[in-house]
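Produce the entire structure from the sequences given, and follow the hints as far as they go.
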Amino acid sequence: MIADPWVFFTIILGLAMAWAIGANDAANSMSTAVGAGAITPKQAVLIAGVLEFTGAYFFGKSVTETIRKGIIDPSKINDPNVLIYGSIAALLGATIWLIIATKYGLPVSTTHSIIGGIVGYGIVYAGASIVNWSKMAKVVMSWILSPIVGAIFAFLVFKALSKTVLQSGDPIKSAKRWSPFWIGLAFVVIGTMFYLKVLHGKSLIVGFVKFGIPAGIVAFIIVSLILRVRFPNVDPYLGAEAIFRKVQVITSGYVALAHGANDVANAIGPVAAVYTIATMGMAGAKVPVPRWILALGGLGIAIGVATYGYRVMETVGKKITELTNTRGFTIDFSAATVVLIASWLGMPISTTHTVVGAVIGVGLARGIKAINKDIVKDIVISWFVTVPTAGVISAIIFKALMLIVG
Amino acid sequence: MQVWTKLFAKSPFKPLIKHAEVVVQTVETLEKALDLWAQGNYEEMRKYAIEVDRLEDVADRIKMELRNSVTSKLLMPVQRTDILEYLHMQDKVADAAEDTAKWLLVKKEIKVSQEVKDLILKMGRESIKAAKLVYEAIRQMDTVVESGFSDAEIEKEYEIIKQIEEVENKIDGLDTKLMELVLNNNLSWADGLYVLNIARTLSNISDKAKDAAERIRIMMNK
Numbered sequence: 001m002i003a004d005p006w007v008f009f010t011i012i013l014g015l016a017m018a019w020a021i022g023a024n025d026a027a028n029s030m031s032t033a034v035g036a037g038a039i040t041p042k043q044a045v046l047i048a049g050v051l052e053f054t055g056a057y058f059f060g061k062s063v064t065e066t067i068r069k070g071i072i073d074p075s076k077i078n079d080p081n082v083l084i085y086g087s088i089a090a091l092l093g094a095t096i097w098l099i100i101a102t103k104y105g106l107p108v109s110t111t112h113s114i115i116g117g118i119v120g121y122g123i124v125y126a127g128a129s130i131v132n133w134s135k136m137a138k139v140v141m142s143w144i145l146s147p148i149v150g151a152i153f154a155f156l157v158f159k160a161l162s163k164t165v166l167q168s169g170d171p172i173k174s175a176k177r178w179s180p181f182w183i184g185l186a187f188v189v190i191g192t193m194f195y196l197k198v199l200h201g202k203s204l205i206v207g208f209v210k211f212g213i214p215a216g217i218v219a220f221i222i223v224s225l226i227l228r229v230r231f232p233n234v235d236p237y238l239g240a241e242a243i244f245r246k247v248q249v250i251t252s253g254y255v256a257l258a259h260g261a262n263d264v265a266n267a268i269g270p271v272a273a274v275y276t277i278a279t280m281g282m283a284g285a286k287v288p289v290p291r292w293i294l295a296l297g298g299l300g301i302a303i304g305v306a307t308y309g310y311r312v313m314e315t316v317g318k319k320i321t322e323l324t325n326t327r328g329f330t331i332d333f334s335a336a337t338v339v340l341i342a343s344w345l346g347m348p349i350s351t352t353h354t355v356v357g358a359v360i361g362v363g364l365a366r367g368i369k370a371i372n373k374d375i376v377k378d379i380v381i382s383w384f385v386t387v388p389t390a391g392v393i394s395a396i397i398f399k400a401l402m403l404i405v406g
Numbered sequence: 001m002q003v004w005t006k007l008f009a010k011s012p013f014k015p016l017i018k019h020a021e022v023v024v025q026t027v028e029t030l031e032k033a034l035d036l037w038a039q040g041n042y043e044e045m046r047k048y049a050i051e052v053d054r055l056e057d058v059a060d061r062i063k064m065e066l067r068n069s070v071t072s073k074l075l076m077p078v079q080r081t082d083i084l085e086y087l088h089m090q091d092k093v094a095d096a097a098e099d100t101a102k103w104l105l106v107k108k109e110i111k112v113s114q115e116v117k118d119l120i121l122k123m124g125r126e127s128i129k130a131a132k133l134v135y136e137a138i139r140q141m142d143t144v145v146e147s148g149f150s151d152a153e154i155e156k157e158y159e160i161i162k163q164i165e166e167v168e169n170k171i172d173g174l175d176t177k178l179m180e181l182v183l184n185n186n187l188s189w190a191d192g193l194y195v196l197n198i199a200r201t202l203s204n205i206s207d208k209a210k211d212a213a214e215r216i217r218i219m220m221n222k
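Chains as they are written, first to last, in UniProt numbering: chain P, 1 to 406; chain H, 1 to 222.
Hints listed in this document are in silico derivations from the structure and should not be mistaken for laboratory results. One or more hints might be untrue.
What the hints assert, rightly or not - Subject to a maximum C-alpha distance of 25 Å in a straight line, what follows is the list of computed DSS-like cross-link-like pairs (lysine-lysine):
hint	chain 1	residue 1	chain 2	residue 2
1	P	176	H	156
2	H	156	P	163
3	H	10	P	42
4	H	132	H	63
5	H	156	P	159
6	H	63	H	10
7	P	138	P	202
8	H	73	P	103
9	H	18	H	108
10	H	73	P	373
11	H	14	P	373
12	P	159	H	107
The structure is reproduced here in structure tokens:
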């Protein structure tokens, strides 16, 4: 079926989208670890590339919704060809916007980009009524909610972390006592998230009991044992940082894995839709995706990391000096927890937005020494224009495709 | 994604520490010049005094750069105005050292008693101590921020500030003693003015150091 020119064309576009996802997002997962000097940019690219691919190929959803999260009503599209052109338009719209955003160094949500692309062609084809506006309202809410919740949570975590570890009379002793606790807690979240996001489990309780709690206990015991045997007995703050440095590599690695498992759907969802139509001649809301398409998505992301992510992470590693390991850990831990709680409550939340919020939260807790307010403003603006811009580009392309081929 | 480099501005503390390092170097070089002056080795002294001037220039350049980068678009754990005020005071320490060097350069021969020379040397040593303590204080301020404003670290910072104030007190005492010596020892008008001006600029070093310490105290108050 790959001989079908539309399928072939869509696969190329899906690859481009995957590349853009890798380029824009992958640096997110590793940036705190690189910025805090836990790993070199080269190592980061290697780890992120391998884990993103692993996440996408082995843990990517093999059944994917063609219309992302029911944002438009597929029953209003009668002509399967519309779905083909629409998918292409949505992919192109999202990819072009992602490339623009990446060029300007703005961390935008890839999910929101593809939502924008889908909404764009949907409205052009069937009018505003095709859009599930209550779903859209939830997406818009996430722009506001994610960073605020992320900031508040990170603020509290950093305050608590500094109260227990950094600010005590004997920082070395309290670092020894409290670090296993904090790290254990982070692993409870990571374990649960692993079940929900990577293995695509449904029940939070199952994930919590089967993965979260054991991971937390194991991490607690391992860290306690290591600290008992040897603690970097230098400067108390450097000592505390050294503990969190190792942990940060793991948390960052987890973020990369989960990102691959989840966000590959943004690139291959539309590809899968076109593939299904081409092979079965009909449009289904849910389609099984051949593994090789998943592999292509993973490969695209990995290439994005290697080609664009590399340059970015190198600059990050050389320029950000003020992000220490405890602060990096706070950001990772807060973002993961907020996303977990949000998905449990059914709130739409964006990891990218939450991470940026968390950075600001740590800053406000008098942690990070200086944050650039101007850039924060630019980032927030970019979030608000993501859906409209991807939508408009997608709408124009869709219109053009319909005129030419349709 | 270059956003991370843009998002985290460079901390103002590292350049502040760098500036303080240059200030210490300036004052240390001045001490060497003073020693040579007391020995009457004018030619050697000249070299050091000129070096003081050069180092003060370096400090100035760091100051300018920092001023331009610490803009209101940054979100910082301490007030921007406090940082700029502090920088101003810290830079004044180097300025005062340069003033002394200038005085040393304008006059070749001077007839003063060993007692006066000793007092001047003592003042020089104390002013170095003050400048070094300022360097320590700003480094400790960095640790205070690093620890998330831990009480224990703030306590250590107060200790350093107290020491700076003590040094400043001591120098004030020496200053008075020198005035007595000069005015009661039948020095020529020119020599007297000369010596007293050197003393004035030397005590200025510790004065400005104290002002800088005062700013650090304000920075720590939440």
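Comparing the hints with the structure gives:
Between residue 176 (chain P) and residue 156 (chain H) the alpha-carbon distance is near 23 Å, which keeps this suggested pair within the 25 Å criterion. Taken as a hint, the residue 156 (chain H) and residue 163 (chain P) pair is honoured in the structure, with Cα atoms around 18 Å apart against an allowance of 25 Å. Between the alpha carbons of residue 10 (chain H) and residue 42 (chain P) the distance comes to roughly 23 Å, so the proposed pair stays at or under 25 Å and holds. With a CA separation close to 18 Å, the supplied pair residue 132 (chain H) and residue 63 (chain H) stays within the 25 Å bound.
The suggested pairing of residue 156 (chain H) with residue 159 (chain P) holds, with an alpha-carbon distance near 21 Å, which does not exceed 25 Å. For a cut-off of 25 Å, the pair hint linking residue 63 (chain H) to residue 10 (chain H) stands: about 15 Å separates their Cα positions. Our distance criterion of 25 Å between C-alpha atoms is met by residue 138 (chain P) and residue 202 (chain P), whose separation comes to about 21 Å. The hinted pair formed by residue 73 (chain H) and residue 103 (chain P) meets the criterion: a straight-line CA distance of about 22 Å does not exceed 25 Å.
A hinted pair counts as satisfied when its Cα atoms are at most 25 Å apart, and residue 18 (chain H) with residue 108 (chain H) does not qualify at roughly 34 Å. In summary, the hint linking residue 73 (chain H) to residue 373 (chain P) is supported, as the alpha carbons are separated by about 5 Å, within the 25 Å threshold. Restraint check for residue 14 (chain H) and residue 373 (chain P): the C-alpha separation of about 20 Å stays at or below 25 Å, so the hint holds. Using a Cα cut-off of 25 Å, the hinted pair residue 159 (chain P) and residue 107 (chain H) is violated, with the two alpha carbons roughly 59 Å apart.
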